[in-house]
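A.B. asks: Chain by chain, the residues:
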Amino acid sequence: MSLVAKKIVKSFGQPPNVTIVLKTLSFEIKDGEFVAITGRSGSGKSTLLYSLSTLDPLNSGTLLLEGKDTSRLSEKALHEFRNQNMGFVFQFHYLLPELTCEENVLFPARKTNQHEKFRKQAVKLMDDFEIGHIRNKLSGQISGGERQRVAIARALIMKPKYLFADEPTGNLDSTSSEKVLKIFEQVNRTLKTTILMVTHDQGYANRAKRRIGLKDGNLEFDKKRS
Amino acid sequence: MLFLAFKQLMARPLQTLLALLAIAFGAAAFIILSGMMLGFREVFIQRLINTAAHISIKAEEKTVEEHSLDSAFFPDKLVKWLVPPVSHDEPPHIEYPQGWFDKLDTDEAVEAYAPQLVAQVLLSRGKLSRTIALIGVEPEKQIRATDVQSDMTVGNFLDIGKGGFQVIIGESLAQKLGVRQNDNLNIVDTKGEVRPAKVAGFFSTGMVQIDDVTGYAPIHYVQEVNQTPGQVSQIIVKLKDITRAKTVADNWAALSREKVQSWDEANANFFAVFTMQDMIRYILSAVVLMIAAFVIFIVLNMIVMQKRGEIAILRSMGYEAGDIIRLFLSQGIFLGFFGGLLGLGLGTLVCLYVQSIKFGQGMGMSRGMDHMLIAWHTYIYVTAFLLAFFSGLAAGFWPAYRAGRMHPIDILRSEGG
Ligand SMILES: Nc1ncnc2c1ncn2[C@@H]1O[C@H](COP(=O)(O)OP(=O)(O)O)[C@@H](O)[C@H]1O
Ligand SMILES: [Mg+2]
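Taken in order, these protein sequences are the chains called E and H.
Just so we're aligned, residue 1 is where the first sequence starts under this note's numbering, counting upward by one.
Just so we're aligned, residue 1 is where the second sequence starts under this note's numbering, counting upward by one.
Read the hints as simulated data drawn from the structure, not as lab findings.
One should not assume that every hint holds.
Partner residues are not named here, just some residues of chain E that face chain H (Cβ under 10 Å, in silico) [said to hold, decoys possible]:
id: 1; residue: 32
id: 2; residue: 43
id: 3; residue: 47
id: 4; residue: 55
id: 5; residue: 59
id: 6; residue: 80
id: 7; residue: 88
id: 8; residue: 94
id: 9; residue: 95
id: 10; residue: 99
id: 11; residue: 107
id: 12; residue: 111
Straight-line alpha carbon distances no greater than 27 Å define the calculated DSS-like cross-link-like pairs of lysine-lysine that follow [as the list claims (entries may be wrong)]:
id: 13; chain 1: H; residue 1: 238; chain 2: H; residue 2: 259
id: 14; chain 1: E; residue 1: 117; chain 2: H; residue 2: 259
id: 15; chain 1: H; residue 1: 141; chain 2: H; residue 2: 58
id: 16; chain 1: E; residue 1: 30; chain 2: E; residue 2: 7
id: 17; chain 1: E; residue 1: 124; chain 2: H; residue 2: 7
id: 18; chain 1: E; residue 1: 137; chain 2: H; residue 2: 7
id: 19; chain 1: E; residue 1: 179; chain 2: E; residue 2: 6
id: 20; chain 1: E; residue 1: 76; chain 2: E; residue 2: 159
id: 21; chain 1: E; residue 1: 209; chain 2: E; residue 2: 192
id: 22; chain 1: E; residue 1: 120; chain 2: E; residue 2: 137
id: 23; chain 1: H; residue 1: 259; chain 2: E; residue 2: 120
id: 24; chain 1: H; residue 1: 58; chain 2: H; residue 2: 238
Since the model is a prediction, treat every value here as computed from it, not as a measurement.
Virtual Cβ for every residue (Gly too), placed ideally from N, Cα, C.
From just these sequences and the hints, can you work out the full model?
C.D. replies: Laid out in structure tokens, this is it:
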């Protein structure tokens, strides 16, 4: 299955002060793709990501996930879908400071009371991401790069089909950023997770197999690496 | 979510402790105030019931004024009396006591009754004298209708019925007059006539306003002193069920010329004071709890603002608005619940302590009472706990609701995504 956007439009404000941010975009993202979304600041990258991840409803157009029209799904169904099939990473890590790194990673599983079942998975992910040694630390006690990797492990704990990342390296130094990119590549390769990553760094964007360029809410380019 | 809520509370131990204590103080304040006020009140009411009779039937003091008789003599006319009518000076008494006796003998609700005649007399012994209300009683009936026998400190109440002019007076009065059991006193009536009487014993209700100015004598002696043979000024009634006093009194009052009062009507002024006390009790506790709730409210509101980003990520990972509400509301509830429990403990301890304080003789309101009496009713504790619990709930409500209404997108954008 795949993610299909048909003529999606997203605007803000009430007439006559309407800003159209996404101007009738159409594209399809197949399972297992690693897509970078690039563009200048204000071009609508974040808005596109929030819309595709069902966090923000569309003004018009259709978004099909697993063949289902998302506008027909209830709030509850969307929540459940996000919990089971989507992981999020933002520029800021948003870890819960009261919990250990491991508990943070497991937190999505708590929604369905399955955290014990997923504990092994958490340990494995954290080992894979070289953060196994900080499992029992609080987020205040670790470095920025480690925090972001804990956040990625949290996004992947439910083995989601999709990983949405909005400027995941925006707050990191180059060493930490490189580690994040490595993890994304590894996850895409081994777990077949579909990744949509917003970035304004051309170098990182080039690591993706496909690049979608936005300009003022229009599709500037959509290139696949051969 | 409870897991996270608990972790968040534990992550700020000082604020949590402060909020818990504030709630606990509120609940404890209610328990302590209620324990002391109600403890005192119940003893007081018990005394009142014992001394004041469940129902008293008294002759109505009829005052005749200038126009009282107009309608009887000249209905529908405006009257100007040349010599206005006045009441003649007869002490109030029950017109037909036998009618009442017959009625009380057969009434199901009545446990016992005792007719009385009260006369104002002077007690004198040597150079000392006191004015008292001398209550003429039929001893057998009196002890069945009242607790006077158990108030006896010296002698037996029935002794005054054993011939001769014998009286029983308050112990404190006896001390002031310097009389002992079997001493003789002089009783001086309003006309100045002097009669000797023997002191058969003493009683003490614990209330000076009674003990200092009251004496008992056989009713026929008082009738003689009063020069009103056969008269009865009031009938004291003891009911099988005191809670029905008001109903029964009202029923009887509707059918008679006498003034029929239940014990609580007769002491309405005390009940006004009790109402005041209740207000103070509730207002004080409410103020403390409101401060506590305010502390929780401020803290939670602050936390919600600090945690906007975390709320956004929780929402994005599939937690619903209801989960977010639960996260913060449960913290308010937790503080209310455990603050309430803490308050119960604290209140109980303080009450136990107050109860254990002994105070010197003479300070007590009643003989044999040398410490504060504390009420231990379950409902005090239930109320205190519920007050605490709902303060926490109320304090958590608005911050939780606000957090639930936050949209993840708005948060992410404002945090710079
Ligand atoms: N809630 C909003 N109301 C009005 N305009 C908005 C709102 N959210 C985003 N925008 C506008 O949409 C445009 C795209 O924003 P965004 O998707 O954040 O861009 P990017 O992530 O590419 O920097 C910007 O011009 C921004 O001002
Ligand atoms: Mg952006």
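A.B. asks: Next, verify each hint and record whether it holds.
C.D. replies: Hints, one by one, checked against the model:
no.: 1; hint: 32; result: violated (22 Å)
no.: 2; hint: 43; result: violated (14 Å)
no.: 3; hint: 47; result: holds (9 Å)
no.: 4; hint: 55; result: holds (6 Å)
no.: 5; hint: 59; result: violated (14 Å)
no.: 6; hint: 80; result: holds (6 Å)
no.: 7; hint: 88; result: holds (5 Å)
no.: 8; hint: 94; result: holds (4 Å)
no.: 9; hint: 95; result: holds (8 Å)
no.: 10; hint: 99; result: holds (6 Å)
no.: 11; hint: 107; result: holds (7 Å)
no.: 12; hint: 111; result: holds (5 Å)
no.: 13; hint: 238(H) - 259(H); result: holds (16 Å)
no.: 14; hint: 117(E) - 259(H); result: violated (81 Å)
no.: 15; hint: 141(H) - 58(H); result: holds (17 Å)
no.: 16; hint: 30(E) - 7(E); result: holds (17 Å)
no.: 17; hint: 124(E) - 7(H); result: holds (25 Å)
no.: 18; hint: 137(E) - 7(H); result: holds (14 Å)
no.: 19; hint: 179(E) - 6(E); result: violated (34 Å)
no.: 20; hint: 76(E) - 159(E); result: holds (20 Å)
no.: 21; hint: 209(E) - 192(E); result: holds (13 Å)
no.: 22; hint: 120(E) - 137(E); result: holds (17 Å)
no.: 23; hint: 259(H) - 120(E); result: violated (86 Å)
no.: 24; hint: 58(H) - 238(H); result: holds (15 Å)
In the structure shown, a violation is registered for the earlier hints numbered 1, 2, 5, 14, 19, 23, in ascending order.
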